[in-house]
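K.L.:
The residues making up each chain are set out below.
Number of protein chains: 2
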Amino acid sequence: MLRVGQRYVRDDRTLTHLCLVSRALGAESIYLEDVEKDILGTLQGVNRTWGGGFSAVLGEPWRKVIRDAKKEGRAVVHLTMYGMPLQEKVEELRRQSKMLIVVGGPKVPGKVYHEADYNIAVTSQPHSEIAALAIVLHEVQGGEELKRSFGKSRLRILPSETGKRVVES
Amino acid sequence: MLRVGQRYVRDDRTLTHLCLVSRALGAESIYLEDVEKDILGTLQGVNRTWGGGFSAVLGEPWRKVIRDAKKEGRAVVHLTMYGMPLQEKVEELRRQSKMLIVVGGPKVPGKVYHEADYNIAVTSQPHSEIAALAIVLHEVQGGEELKRSFGKSRLRILPSETGKRVVES
Numbered sequence: 164m165l166r167v168g169q170r171y172v173r174d175d176r177t178l179t180h181l182c183l184v185s186r187a188l189g190a191e192s193i194y195l196e197d198v199e200k201d202i203l204g205t206l207q208g209v210n211r212t213w214g215g216g217f218s219a220v221l222g223e224p225w226r227k228v229i230r231d232a233k234k235e236g237r238a239v240v241h242l243t244m245y246g247m248p249l250q251e252k253v254e255e256l257r258r259q260s261k262m263l264i265v266v267g268g269p270k271v272p273g274k275v276y277h278e279a280d281y282n283i284a285v286t287s288q289p290h291s292e293i294a295a296l297a298i299v300l301h302e303v304q305g306g307e308e309l310k311r312s313f314g315k316s317r318l319r320i321l322p323s324e325t326g327k328r329v330v331e332s
Numbered sequence: 164m165l166r167v168g169q170r171y172v173r174d175d176r177t178l179t180h181l182c183l184v185s186r187a188l189g190a191e192s193i194y195l196e197d198v199e200k201d202i203l204g205t206l207q208g209v210n211r212t213w214g215g216g217f218s219a220v221l222g223e224p225w226r227k228v229i230r231d232a233k234k235e236g237r238a239v240v241h242l243t244m245y246g247m248p249l250q251e252k253v254e255e256l257r258r259q260s261k262m263l264i265v266v267g268g269p270k271v272p273g274k275v276y277h278e279a280d281y282n283i284a285v286t287s288q289p290h291s292e293i294a295a296l297a298i299v300l301h302e303v304q305g306g307e308e309l310k311r312s313f314g315k316s317r318l319r320i321l322p323s324e325t326g327k328r329v330v331e332s
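So the sequence lines, in the order shown, correspond to chains B and D. Residue numbers 164 to 332, in the working numbering, belong to the letters of the first sequence in order. Residue numbers 164 to 332, in the working numbering, belong to the letters of the second sequence in order.
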């Protein structure tokens, strides 16, 4: 995951959501240009409590992140309401073995549209980059991400019909 | 859609995302207990520009909203990381013709778990109510919501491989 064009402060909670969604739905790491708050601490805490090794990388320029991803053979998928409908491209995306998903904030540079291998829209309606990311991660992994195990963790939820069941390990 | 247990101010942007995701992914309306900012104005503006008749209803107590939904024959689906995995319940949910989806904020009352017909988890990992809502709306509608038309609107996006194409009508 790469986050481009953030509006600091105002987007702070949005950023936390983007990080946690990326982690929960199977991404390895998120590249952030810069952040206000201690997002690294938050993510370390979540990994410690709930498992997995998701990481955030701060301060790398977006061009470098995209260039490096391409060298690694990753398809660069930019999410934007102006792009091609997800449902028309999803088969093609599923054939990619590695991916860098780019989520643009309100100030996303126009060049991102040209650097990306795909510009993908989750509806052509305005809504939420968090929701778009979730649906794309869900679709490209065919729902398998929902069954993922996060390995060793301090807490684990036992799914329940009506309450909250949490076990410590 | 029903939003319960909001934390005002701090959740303000989260709330805007929840409203816009509900609208873009096919919900009719959202019930909010109370709001800080002019969310009604925002939604009217979005409808005017991008079409559709999505609405927000303010100030109805959550118990009344759930009770009325049940009288209308709606299945009440509460989204929580402590619930049953979506993938185990999705077939059952798809058979429901009408639904009230309940999204709890951090202060969701425990009774909501018991009033709901279903408590559903999108992974048992902490992430985002915006992402959980998006994936549930997507799954229960089998992706059909992505093709939805919003009727008459001032602006319309023409999907594009690399740029931004918007037409006025």
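It should be emphasised that the hints constitute simulated quantities derived from the structure, not laboratory data. Glycine included, C-beta positions come from ideal geometry on N, C-alpha and C. Hints are not guaranteed to be accurate.
As the list claims (entries may be wrong) - Only part of the chain B face toward chain D is listed, based on derived beta-carbon distances under 10 Å:
#1 Thr-177
#2 Leu-181
#3 Trp-213
#4 Glu-255
#5 Leu-256
#6 Ser-260
#7 Arg-317
K.L.:
Decide, hint by hint, whether the structure agrees.
P.N.:
Hint by hint, here is what the structure shows:
no.	hint	in the structure
1	Thr-177	6 Å, holds
2	Leu-181	8 Å, holds
3	Trp-213	6 Å, holds
4	Glu-255	12 Å, violated
5	Leu-256	14 Å, violated
6	Ser-260	22 Å, violated
7	Arg-317	13 Å, violated
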